[in-house]
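Visitor: In case you want the letters, here they are:
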Amino acid sequence: MSAQVSTPNDTNIEVTSRRGRPSKSPTRMAFERFMVNKAAIISTVVLLLIVIMSIAAPLITHVSPTHQFLSSTDTPPGPGHVLGTDQSGFDLFSRDVYGGRVDLLIGFVDTVIVMTIAMVLGGLAGYYGGWIDSLVMRVCDFMFNFPFLLLIIVLSAIFNTTSVWLLILVIGLTGWPGMTRLVRSLFLNLRESEFVLASRMSGAGAFRIIFRHMVPNVMGVMVVQATFAVAGFIAAEAALAVIGFGVKPPTPSWGDVLSNSLGYFTLATEPYAWVPPAALITITILCINFIGDGLRDAFDPSFEA
Amino acid sequence: MKRIGKGSMATIALAASLTMLVAGCGSGGGSTNSSNGTGSNSSNNTSTTTTGQPVDGGTLTMAQGTKFNDELIPDMDASLYTANVVGYAFDPLMNIDKNLNFVSDLAQTWTWSSDKKTVTITLANANWSDGQPVTSDDVLFTMNYLASKAYNTTLQGQYGYLVGPVVGSTRIGNGKATSFASTGGFKKISAKQFSITFKTVDAAVLWSDISSIQPIPEHVLKNIPISSWNTASYDKQPTVVDGPYTFKQVNGQDSVEYTANPNYFQGKPHITNLVIKTVSPDVVPGLLANGSVQYVLSGLKPTDVAKLKQIPGIVVKTPPENGFSYLGIKDYLPEFKNYKVRQALEYGLNRQAMVDGILKGLGTPISGPLPPVSWAAATTADGMNPYNYNPTKAGQLLDQAGWKMGSNGFRIDPSTGKEANLTLSYSSGDPTVQAEAVAIQSDLAKIGIKVTLNSPMDFNTLASKVESNDKSIQMWLMGWSLSIDPDPRGLWMSTDAFNFERWKNKTSDQMINATWDAAAFNKADRKAALIKWQLYVNQRMPLIFLWAPDNVFAYSSKLNIPNKDFSSQGPLNIQDWWLTQ
Amino acid sequence: MGTYITRRLLGMIPMLFFITVAVFLMMHAAPGNAFNSIMNPAIKDPQALIASLEAQNFLNKPLWWQYFHWIGLFVTGNWGFSFAQHAPVIDLVGPAIQNTLILSVMAEIITLAIGIPLGVLQSRKPYSGFDYTTSVVSFILFSVPYFIFAILLIYLFAIHLRIFPAQGAVGTGPNAGSLLDHIYHALLPALSISLVSLAFYSRNTRGSMLEVSRKDYVRTAYAKGLMEGKVFSKHVLRNALIPLITFFGLDIGNLVGGAVILEGLFSYQGMGLLTISAVNNRDYNVIMATTIIFAVAVLLGNLLADILYAVVDPRIRYN
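Chains as they are written, first to last, in my numbering: chain A, 1 to 305; chain B, 1 to 581; chain C, 1 to 319.
Take these hints with a grain of salt, some might be off.
Said to hold, decoys possible - Covered by chain A, according to a simulated footprint, are these stretches of chain B (three or more residues, beta-carbon under 8 Å): (1) 352 to 366; (2) 427 to 440.
What the hints assert, rightly or not - Once the Cα atoms are required to be at most 30 Å apart in a straight line, the calculated DSS-like pairs of lysine-lysine come out as: (3) K248(A) / K471(B); (4) K44(C) / K149(B); (5) K222(B) / K44(C).
Unchecked claim - Restraint ranges, calculated between C-beta atoms of paired labels, are given here: (6) R8(C) / I60(A): 52 to 60 Å; (7) N60(C) / L188(A): 48 to 56 Å; (8) K199(B) / N175(C): 47 to 55 Å; (9) N78(C) / G129(A): 36 to 44 Å; (10) F159(A) / P414(B): 30 to 38 Å; (11) P26(A) / Y184(C): 49 to 57 Å; (12) T133(C) / I60(A): 28 to 36 Å; (13) R7(C) / F148(A): 23 to 31 Å.
Hints listed in this document are in silico derivations from the structure and should not be mistaken for laboratory results.
In this text, a Cβ means the ideal position worked out from N, Cα and C, and glycines have one as well.
Kindly produce the complete structure, drawing on both the sequences and the hints.
Guide: So, in structure tokens, the structure goes:
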């Protein structure tokens with residue numbers, strides 16, 4: 001179910017068509033409300049373009065983002081290099097184009113990881129309550145307090161790598177407590193609702209109640225939260241890169257390109273080096289936030305004034 | 001005023017370990033097209049450094065890219081950045097001059113006994129800032145502090161080695177004695193004259209160790225137990241000093257304010273106020289450009305140099321550093337045992353192209369253990385092979401060593417019979433080092449050697465793995481900043497802990513011993529011995545020498561530093577500097 | 001309420017125990033320690049020096065011994081000695097906490113003082129030109145990584161206009177270290193944080209206000225003929241702020257955490273820089289101290305948020 005998070009529109013369409021009812025379902029109505037939100041629609045288009053650019057990077061530039069042009073480091077934009085090269089001799093345009101792969105991968109995969117953990121743990125805690133609830137909440141408190149940077153250093157030293165997947169793992173393993181608390185509170189409310197009581201009376205098992213009845217009910221809120229989570233993880237990648245805990249170089253990422261351009265002279269005299277990655281990060285996050293906002297309005301009709 | 005020996009001991013990589021944010025301190029370095037030791041003066045405005053009459057007054061603001069620790073008793077803290085702060089207030093026994101020769105400072109003269117075991121030192125007519133004279137007792141007090149058990153254990157001091165060669169240091173260190181005066185290591189002759197006796201005859205000991213001692217005032221500190229010095233108010237802001245500047249105010253780890261010491265024995269400094277600030281390396285050039293900072297002590301990157309030169313009113317100097325970057329290899333591994341393989345690696349790296357591309361030309365390729373700036377460095381005229389880039393020759397050497405080319409363009413390691421795949425490790429935080437790693441990988445691929453880059457690791461992890469002979473380490477990138485004295489011990493003896501390559505070679509050891517024995521008290525003989533040893537290292541190539549980077553110094557043209565005070569390791573004698581008002 | 005608070009405070013103890021054990025084990029699982037980076041060729045016998053430093057700091061003892069030794073000293077107020085900075089940990093943590101608190105309290109004040117009124121104003125006339133413009137602007141602010149703001153602020157105010165300092169927590173001269181000096185130095189970094197979080201607060205305030213204004217009890221209040229101002233302050237605003245308390249509670253935990261990147265860019269010696277340099281240098285005692293401080297702050301922040309809930313919302317009772 002979590003996989004559907006990645007493209008909310010498709011999810012809605014799919015759900016509707018499968019049910020195939022002529023009358024408008026709540027999801028269908030939500031979808032229609034989303035479609036009239038101009039900012040959200042434009043954002044979706046822009047985000048799709050960025051995703052396509054990252055995936056189709058080799059079609060956009062033939063220069064490898066990890067090829068070092070040792071004889072032309074720090075060059076300004078010119079024929080060979082659309083946005084010039086950085087101090088190591090890497091082509092900046094190519095790194096900007098390819099860099100989105102890492103950022104988007106981290107954003108989406110970590111969201112899936114975090115939503116999955118949150119659904120399972122938060123769902124169990126909220127459904128059962130009692131000692132399970134206490135235990136899960138204590139683990140949440142524990143993870144909230146865990147020094148994240150220490151975890152990265154230790155894991156990268158143990159595994160001898162700081163690959164994208166290690167970074168995804170660490171962010172995923174430390175990012176779930178907030179979402180878990182949210183799911184738990186939603187489930188706590190739902191637990192006492194009439195339709196859950198009804199299905200319990202009719203002898204449905206816990207598994208069935210959770211996944212057939214409760215999960216679909218919180219899906220709307222979760223999709224919205226997931227969108228914001230994607231934006232948050234992309235920002236986290238950039239921040240990690242700036243303090244030197246980003247993905248293994250020379251793998252390109254927007255955060256990496258940006259963090260190499262924070263020196264005074266680059267900022268003052270080489271906008272072509274730092275503006276594109278900064279803009280790509282900001283635009284991506286902005287689009288995702290607009291989409292999330294649009295989804296929230298769409299799923300919660302009471303929000304329309 | 002740069003600390004002799006001690007100041008330069010910090011390794012390149014040590015600086016990198018301080019914080020990830022500080023990219024490029026030291027290790028990036030830079031290097032230059034010139035090897036004459038003066039560097040290139042790029043200013044549009046060179047005249048200001050030499051002409052005009054000194055004017056008194058003004059405030060000089062300096063910036064460092066890494067914070068200091070507010071532990072300001074000399075030698076309490078190991079950081080280079082703390083040593084910079086301490087160095088303007090405390091003078092060492094000996095200083096260096098423009099050409100890196102040792103010259104008088106607090107120690108006015110020194111003479112060796114005929115058995116070369118005892119040196120007699122006469123102190124200059126220097127006073128503490130409270131008017132008391134700097135005496136032999138102060139030197140003894142300082143030596144006892146450095147050797148004491150409290151300093152070496154409770155305070156975890158790292159400079160006990162400065163007095164290690166003095167007779168009785170071991171007994172003081174384990175608490176069996178408290179003073180060199182009672183162990184026979186120190187003899188007070190008069191208030192201004194004393195002699196120090198060493199355990200062995202050693203031509204390097206005066207330069208490597210004793211010269212760096214910075215006396216502290218006995219009359220101020222004698223009543224405080226050494227073990228609690230780190231909480232004494234004197235440690236946070238020393239009140240009585242003997243250097244050109246006295247502490248006015250220490251603002252935590254943010255900045256230090258000084259005023260000129262009117263009683264400084266080498267003359268009252270022209271500049272009245274001095275400020276050292278900690279500034280992020282990303283911001284340093286901006287503050288220099290807008291005039292908030294007049295001199296940058298550390299934190300400039302090679303990439304900043306060309307841009308700084310374009311700003312009017314800024315002087316940039318890039319003299320060669322007394323240190324080198326290298327590609328480390330574990331010499332005992334079967335793949336590196338044959339020195340022809342090591343020579344092939346040296347020939348196979350286009351070091352000049354890397355210097356030009358990555359360091360923006362701010363460095364000099366080297367092929368031996370002493371950088372060109374050292375007085376004892378061997379040159380091609382002495383017979384050094386420069387190992388100019390020559391992939392053909394590298395290929396031939398590999399063929400001779402049995403590294404046959406495989407079908408897919410990569411060579412077969414004869415010790416395993418399989419395709420060679422060397423791993424290269426380096427530390428994170430500095431984009432320059434990473435660029436070097438990528439360049440080395442691509443150059444070695446051209447001579448058929450496959451290299452895999454490990455993920456960059458933080459410096460402590462790399463250091464621990466290199467030191468402990470970790471199996472995952474085959475080759476690594478690091479650098480050394482060397483002490484002014486060219487003594488090879490510490491890095492190059494077979495038993496040295498910092499001989500990370502584990503190069504065990506009796507011939508080299510014997511040659512090193514000849515550089516500090518009784519005969520080496522004659523400088524010419526010592527140089528001859530050092531050259532002989534360098535030629536041997538040059539031929540055996542125990543590690544792959546890359547280049548000597550350049551230091552980057554930049555300051556406002558309003559700051560006038562006499563040419564005689566500009567050594568390749570930085571400007572000296574701050575009391576001679578002055579500000580155009 | 002009193003017993004509730006006591007129970008919560010006691011509940012923190014096992015949590016702190018588990019956190020410190022876990023951090024302690026993680027730290028020691030990483031290869032290398034603070035002394036591996038001593039690389040001074042002038043030291044004749046570095047291995048002996050390193051061994052003696054390790055023994056001095058009990059690094060050669062079993063891990064469980066080290067842990068209980070550390071915690072035994074910690075609870076008596078002896079936080080140990082920093083390996084990397086040669087100073088008692090408490091001397092390092094003290095100024096760092098002070099700096100970070102000044103910065104984060106200022107940031108919080110700016111955030112709340114602008115964010116909440118802005119959100120309220122937007123909600124008074126939803127979908128007006130004002131609401132639309134400020135919403136879009138705050139949305140953009142919210143989406144820009146805060147270190148980009150920091151860099152732009154330094155560039156504009158410190159380097160170009162030269163009206164604010166680019167570095168440090170205190171200045172120089174006779175006023176160095178005064179409260180005013182601290183505030184002057186913390187303003188740019190505080191602003192960098194606030195620009196992002198005030199967007200977040202105004203957004204949530206607006207949403208919350210709109211939602212509450214539609215509630216039945218608000219309609220009832222109007223129907224009763226209450227004055228607009230009275231309904232607003234007594235019924236709408238008070239109820240709309242309740243959800244924001246959760247965010248505020250989370251912020252409190254972060255007040256002492258420090259912002260690593262920001263502090264690095266401003267060379268601001270706070271908890272963030274202290275923590276990251278301790279992690280990089282394997283400065284165990286400092287890592288443990290900052291971990292505990294951070295954990296206590298987060299747990300207290302949660303507690304405070306819960307108490308504030310009860311204060312603001314009379315329906316909530318703890319016993």
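Visitor: Work down the list of hints and note, for each, if the structure agrees.
Guide: Structure-based check of all given hints:
no. : hint                          : in the structure
1   : 352 to 366                    : holds (count 6)
2   : 427 to 440                    : holds (count 8)
3   : K248(A) / K471(B)             : 21 Å, holds
4   : K44(C) / K149(B)              : 17 Å, holds
5   : K222(B) / K44(C)              : 29 Å, holds
6   : R8(C) / I60(A): 52 to 60 Å    : 55 Å, holds
7   : N60(C) / L188(A): 48 to 56 Å  : 50 Å, holds
8   : K199(B) / N175(C): 47 to 55 Å : 53 Å, holds
9   : N78(C) / G129(A): 36 to 44 Å  : 42 Å, holds
10  : F159(A) / P414(B): 30 to 38 Å : 32 Å, holds
11  : P26(A) / Y184(C): 49 to 57 Å  : 55 Å, holds
12  : T133(C) / I60(A): 28 to 36 Å  : 35 Å, holds
13  : R7(C) / F148(A): 23 to 31 Å   : 29 Å, holds
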